[in-house]
Structures are given as structure tokens and as C-alpha cells.
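Novice: For the protein sequence lines, the chains are A and B, in the order given. Heads up, the first sequence is in our numbering, so the first residue is 1 and it goes up one at a time. Heads up, the second sequence is in our numbering, so the first residue is 1 and it goes up one at a time.
Calculated from the structure, these hints are not laboratory results. Even for Gly, the Cβ is constructed at its ideal location relative to N, Cα and C.
Result set (DSSO-like, lysine-lysine): computed pairs, CA atoms no more than 30 Å apart in a straight line:
{"no.": "1", "chain 1": "B", "residue 1": "K57", "chain 2": "A", "residue 2": "K3"}
{"no.": "2", "chain 1": "B", "residue 1": "K11", "chain 2": "B", "residue 2": "K57"}
{"no.": "3", "chain 1": "B", "residue 1": "K11", "chain 2": "A", "residue 2": "K40"}
{"no.": "4", "chain 1": "A", "residue 1": "K57", "chain 2": "A", "residue 2": "K67"}
{"no.": "5", "chain 1": "A", "residue 1": "K99", "chain 2": "B", "residue 2": "K11"}
{"no.": "6", "chain 1": "A", "residue 1": "K41", "chain 2": "B", "residue 2": "K71"}
{"no.": "7", "chain 1": "A", "residue 1": "K40", "chain 2": "A", "residue 2": "K57"}
{"no.": "8", "chain 1": "A", "residue 1": "K99", "chain 2": "A", "residue 2": "K41"}
{"no.": "9", "chain 1": "A", "residue 1": "K57", "chain 2": "A", "residue 2": "K41"}
{"no.": "10", "chain 1": "A", "residue 1": "K99", "chain 2": "B", "residue 2": "K57"}
{"no.": "11", "chain 1": "A", "residue 1": "K57", "chain 2": "A", "residue 2": "K37"}
{"no.": "12", "chain 1": "A", "residue 1": "K56", "chain 2": "A", "residue 2": "K41"}
{"no.": "13", "chain 1": "A", "residue 1": "K40", "chain 2": "B", "residue 2": "K14"}
{"no.": "14", "chain 1": "B", "residue 1": "K14", "chain 2": "A", "residue 2": "K41"}
{"no.": "15", "chain 1": "A", "residue 1": "K40", "chain 2": "A", "residue 2": "K56"}
{"no.": "16", "chain 1": "B", "residue 1": "K71", "chain 2": "A", "residue 2": "K99"}
{"no.": "17", "chain 1": "B", "residue 1": "K57", "chain 2": "B", "residue 2": "K71"}
{"no.": "18", "chain 1": "B", "residue 1": "K71", "chain 2": "B", "residue 2": "K11"}
{"no.": "19", "chain 1": "A", "residue 1": "K37", "chain 2": "B", "residue 2": "K57"}
{"no.": "20", "chain 1": "B", "residue 1": "K14", "chain 2": "B", "residue 2": "K57"}
{"no.": "21", "chain 1": "A", "residue 1": "K37", "chain 2": "B", "residue 2": "K11"}
{"no.": "22", "chain 1": "A", "residue 1": "K57", "chain 2": "A", "residue 2": "K68"}
{"no.": "23", "chain 1": "A", "residue 1": "K40", "chain 2": "B", "residue 2": "K57"}
{"no.": "24", "chain 1": "B", "residue 1": "K11", "chain 2": "A", "residue 2": "K41"}
{"no.": "25", "chain 1": "A", "residue 1": "K67", "chain 2": "B", "residue 2": "K57"}
{"no.": "26", "chain 1": "A", "residue 1": "K41", "chain 2": "B", "residue 2": "K57"}
{"no.": "27", "chain 1": "A", "residue 1": "K40", "chain 2": "A", "residue 2": "K99"}
{"no.": "28", "chain 1": "A", "residue 1": "K57", "chain 2": "A", "residue 2": "K99"}
{"no.": "29", "chain 1": "A", "residue 1": "K3", "chain 2": "A", "residue 2": "K68"}
{"no.": "30", "chain 1": "A", "residue 1": "K68", "chain 2": "A", "residue 2": "K99"}
{"no.": "31", "chain 1": "A", "residue 1": "K3", "chain 2": "A", "residue 2": "K56"}
For each label pair, taking beta carbons as the anchor points, the in silico distance ranges come out as:
{"no.": "32", "chain 1": "B", "residue 1": "L113", "chain 2": "A", "residue 2": "K68", "range": "47 to 53 Å"}
{"no.": "33", "chain 1": "B", "residue 1": "T101", "chain 2": "A", "residue 2": "T77", "range": "19 to 25 Å"}
{"no.": "34", "chain 1": "B", "residue 1": "T101", "chain 2": "A", "residue 2": "G82", "range": "18 to 24 Å"}
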Amino acid sequence: EDKVVQSPLSLVVHEGDTVTLNCSYEVTNFRSLLWYKQEKKAPTFLFMLTSSGIEKKSGRLSSILDKKELFSILNITATQTGDSAVYLCAVGWSFGNEKLTFGTGTRLTIIP
Amino acid sequence: DTGVSQDPRHKITKRGQNVTFRCDPISEHNRLYWYRQTLGQGPEFLTYFQNEAQLEKSRLLSDRFSAERPKGSFSTLEIQRTEQGDSAMYLCASSTYSQETQYFGPGTRLLVL
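Take these sequences, add in the hints, and give me the full structure.
Specialist: Listed below in C-alpha cells is the structure:
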């Protein structure tokens with residue numbers, strides 16, 4: 001059965017710290033991996049990764065995919081209180097992401 | 001440019017009642033998805049439409065659940081004879097056929113008493 005595992009389940013750090021969130025997967029016919037940020041509402045899209053070794057970057061957030069080892073990391077540098085959220089990793093299958101399989105998420109709390 | 005919208009945002013109902021939720025996708029998106037999310041879990045896929053055709057349904061979607069997208073625009077998700085286990089956040093997402101990123105609406109939070 002397809003599986004997406006995120007670690008850690010929760011993380012508490014001080015403002016200004018750098019964090020790394022992990023996502024490993026076992027999915028047949030892998031096509032892409034997506035990262036979402038979820039505050040008390042809908043998940044908002046961060047990145048989509050399809051190729052190994054190519055870093056995607058947006059401001060203080062960056063992500064990279066390793067298709068050989070079947071994992072991805074999401075880095076956040078110089079964290080701010082507004083980064084507090086649940087970060088979800090999802091994997092899509094071949095022939096389109098008709099069904100995203102999500103992990104349980106990492107709850108990140110930034111202490112001022 | 002408006003995002004995905006869902007209505008209602010919250011619904012409280014008694015066990016055994018029927019409920020219906022609506023989702024309006026981003027206007028040019030021809031794919032529409034329904035997910036369910038319970039506390040502490042990631043969203044779980046329920047079903048998806050390409051235009052008006054329902055192309056895939058999860059085993060989670062029991063016969064009490066039905067979804068429609070009659071004109072290929074908005075969609076409704078109906079739950080008949082609700083049970084307490086149906087309490088969850090119901091999320092709708094949309095995408096284009098060519099761009100695979102799914103964009104989520106704010107969700108409908110259902111509480112079955």
C-alpha cells in the first residue's frame with residue numbers, strides 16, 4: 001500500500017532557527033511530490049518536485065527531492081512566528097496527480 | 001482571481017440527517033477533487049472529477065456518500081444518514097489537466113452529534 005511518512009511529527013524551535021522537515025514515501029508509479037502549509041484552514045501550496053537533485057526555492061523556504069532514496073526535505077531558514085503551521089507532504093501518481101497521498105504532517109511551532 | 005470556495009464553512013447536524021456541501025473550483029480548472037481530513041491526519045482522497053465525469057472513487061466513499069458535478073463547474077458532496085464517524089473537515093481542491101498542482105478551498109467542517 002502507498003505510504004507517505006513525515007518526521008518529526010512535531011517540532012518546537014525559537015524564532016530565527018533553521019528547521020528541516022522530512023518526508024519519505026513508498027508509492028508505486030511515483031510522479032511528483034508536493035509540499036503544503038496548513039494553518040487553521042486549507043492547505044496552501046508551497047512546492048512541487050518531480051526531478052531528483054533540483055532544489056526549489058521561495059524566499060526562506062527550499063525543498064529538494066531524492067528519487068533514489070525516496071525522500072524529500074523542506075528547509076526553512078531564519079524562522080518567524082508566521083511559519084507556525086502544519087507542513088504536509090503529498091505524493092502524486094503517474095498519469096496525473098488524480099490522487100494525492102498525504103502524510104500526517106509535521107506541526108511546527110515557532111517560539112518568539 | 002478567486003480561489004476555490006466551499007459552502008458552508010461549518011455544519012453541525014444530528015446523526016441520521018443528510019447534509020450537502022458545495023465546492024466552486026477556480027474558474028478555468030477542469031479537475032475537481034474531494035478529500036476528508038480528520039484531526040491530526042493528512043487529507044484522504046475521496047473522489048475526483050474531470051469536467052462532469054467522476055473518474056475515481058476511494059473505498060472510503062461508502063454508499064452513503066455521493067458526489068456530483070453536473071455541468072463541469074461546481075460540485076456537491078452529499079452524505080446521507082450521517083454518522084458520528086463522518087465528523088471531519090471536507091476539503092475540495094481543483095487543478096487543470098496540464099498543471100498538476102491541486103489548490104485547496106477553505107473546507108467545510110462537519111460535526112455530527
